[in-house]
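Engineer: Take the sequence shown: its letters are residues 172 to 770, numbered as in the working numbering.
Check the hints yourself; a few may be wrong.
Straight line, CA to CA, 30 angstroms or less: simulated DSBU-like cross-link-like pairs of lysine-lysine [to be verified]: (1) 227 with 325; (2) 261 with 227; (3) 417 with 363; (4) 388 with 377; (5) 300 with 736; (6) 289 with 300.
Just so you know, the hints here were simulated from the structure itself, not pulled from any lab data.
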Amino acid sequence: MTVNYPEVWDLDTLFPGGSESQELRLHMNEAVTKLSAFEELVHNFKVPAAKEDAQKVADLLEQMSGVMRHLSQSGAFIGCLMAQNTQDKKAGILESEASSLSARFQNSFQKIQQDLSKTEDGAWTELLKEESLREFTFILNEWREEAKMLLSEKEESLITALGVDGYHSWSQLYDMLVGEINVTVSVDGESKSLSVGQANNLSSHKDAAVRKESYEKLEEAWTDKEEFFAKTLNSIAGFRLETYKKRGWDNPLQEPLHINRMKQETLDAMWGAISSNKQPFVDYLDQKGKLLGKDGLDWYDVDAPVTESTQQFSYQEGAEFILKQFGKFGPELEQFAQQAFEKGWIEAEDRPNKRPGGFCTGLPLSEESRIFMTYSGSMSNVATLAHELGHAFHTYALRPVHSLNRSYAMNVAETASTFAEMIVADAAVKNAQSKEEKIALLEDKVQRNVAFFMNIHSRFLFETRFYEERKKGVVPASRLNELMEQAQTEGFAGGLASTHPHFWASKLHFYITYVPFYNFPYTFGYLFSLSVYAKALEEGSGFEEKYLALLRDTAVMSAEDLAMKHLGEDITQQAFWEKGIALCVQDAEEFISLTSAEA
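Start from the sequences, fold in the hints, and give me the full structure.
Structural biologist: What follows is the structure, given as structure tokens:
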């Protein structure tokens, strides 16, 4: 019997009543009580001096874990409320309250870090040998090293407190500004008022006039508010840089590299390999321009379909296709995704007032996830849905692991999501029923290569250069436009006829305060997952258990150690990254070959 999967997620199973939920109110009140008790415990906590203190530390960690889960549950739920309806004013108030609670927790956490860093090295080694602490060795060492990088407990507490109504509020302001934007576009002969997310979805519309009008209307909106966005971006960066300066950090990449548990050599090797291998993707962009009857490819045509018969999938069809392909990889992945579809964990409906973009968030107390996107029926939407399900499966894979050992970095987080996306994308190409369909699906794969190797590289170049200029003072909107266009010209290796000067204003990732440099981890995850995917193809259906083992290690080792343990590869060398890029080049070359007669 066919099950009809809901396109609107079910949040009432978590806290009924949305932002007016009484259960949510009770939960947040309970979070305050738990947090206050934890703060008292931390206040009285003494620096551990011998192995006899191990149980005291273990008890503290257990209480910390409980508070974290409680705060994460409500924080994730409120994030869902904000995304599903940008007009939900009460959710905005709740978000501010949740941010304040998170700041209080962060202050207590920083005190613990500082206390642990004061333990004498010999005593520390003995502490970690105790059974009650052994499983936390990696994160405890990480916390201890972090504390040595930070300012005093009092100074860090002040920074955290000021960040609530300063630093993080700028990010929230950005969300509000974007949520207020609506543009009117003529689609299929009908004038429609669209949110930013809906208008962005028109980038893959078959009608060139619709794509161009949507882009131009959005560009007008970004231009109209560019001073607001410039002020917001400069304020976020200014707060961040001033904090780094006080800590003695000169390199703006120090924090994101630390957060992603990777070395500068690894990042340099990855971008070096990509920069040396862009020509096949420039050739693809040239070929696409010819297929669209243009001398050069404009920004708003990068996602354009190149065939008339681009297949559309209803949400139901997209879900069924994903489940079928996941099933070929392994039963756990398939069963998990089936549960997500059936239980209404996914918000996919195309409607006004939704936030643009997509995400997956975990709810630790419920042991569930929620996925957010706006689904409009393209193969790209199907791939995005598979991508977010990959994130959710990563969370599921970590259930047997202690909650304190589940905080994996963004770069490896993108591994699971991209792996799931590739399962679906590869299958779509192999199952193509006609040459035109194969071209369309193959192009969807190559478009993702362009996104990871060119678009995201341009974001990285822009952000790196912007931070260097921001050290000297405020960077005006006009200069931000220049930096963005320069970065896109370099990132796309001159492969575009026109760039998107206000991309810096349009991209949410530049305004996320909890994760600096929200760009290179995507490319890392994509190429890293290609190696994992190659192993999966090589070993067949029995690989799922090894894959689960890899996912469970993502939060307890560095990126370099993870790759060496599970792939036997040194990722500080360009050779590792070039293997994955070579597979992507094959897709670009096949696309060019299949379409050469039609250009």
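Engineer: Run every hint past the structure and note whether it holds.
Structural biologist: Results for each hint:
A threshold of 30 angstroms between alpha carbons decides the hint, and for residue 227 with residue 325 the separation of about 24 angstroms falls inside it, so the pair holds. Between residue 261 and residue 227 the CA atoms are separated by roughly 40 angstroms; this puts the pair beyond 30 angstroms, and the hint is violated. The suggested pairing of residue 417 with residue 363 is violated, with an alpha-carbon distance near 50 angstroms, which exceeds 30 angstroms. At most 30 angstroms may separate the alpha-carbon atoms for a hinted pair to count; residue 388 and residue 377 meet this at roughly 18 angstroms.
The straight-line distance between the Cα atoms of residue 300 and residue 736 is roughly 23 angstroms, inside the 30 angstroms bound, and the hint therefore holds. Between residue 289 and residue 300, the direct Cα distance comes to roughly 18 angstroms. Compliance with the 30 angstroms bound is thereby established for this hinted pair.
Going down the numbered hints, you'll see the structure goes against 2, 3, while the others check out.
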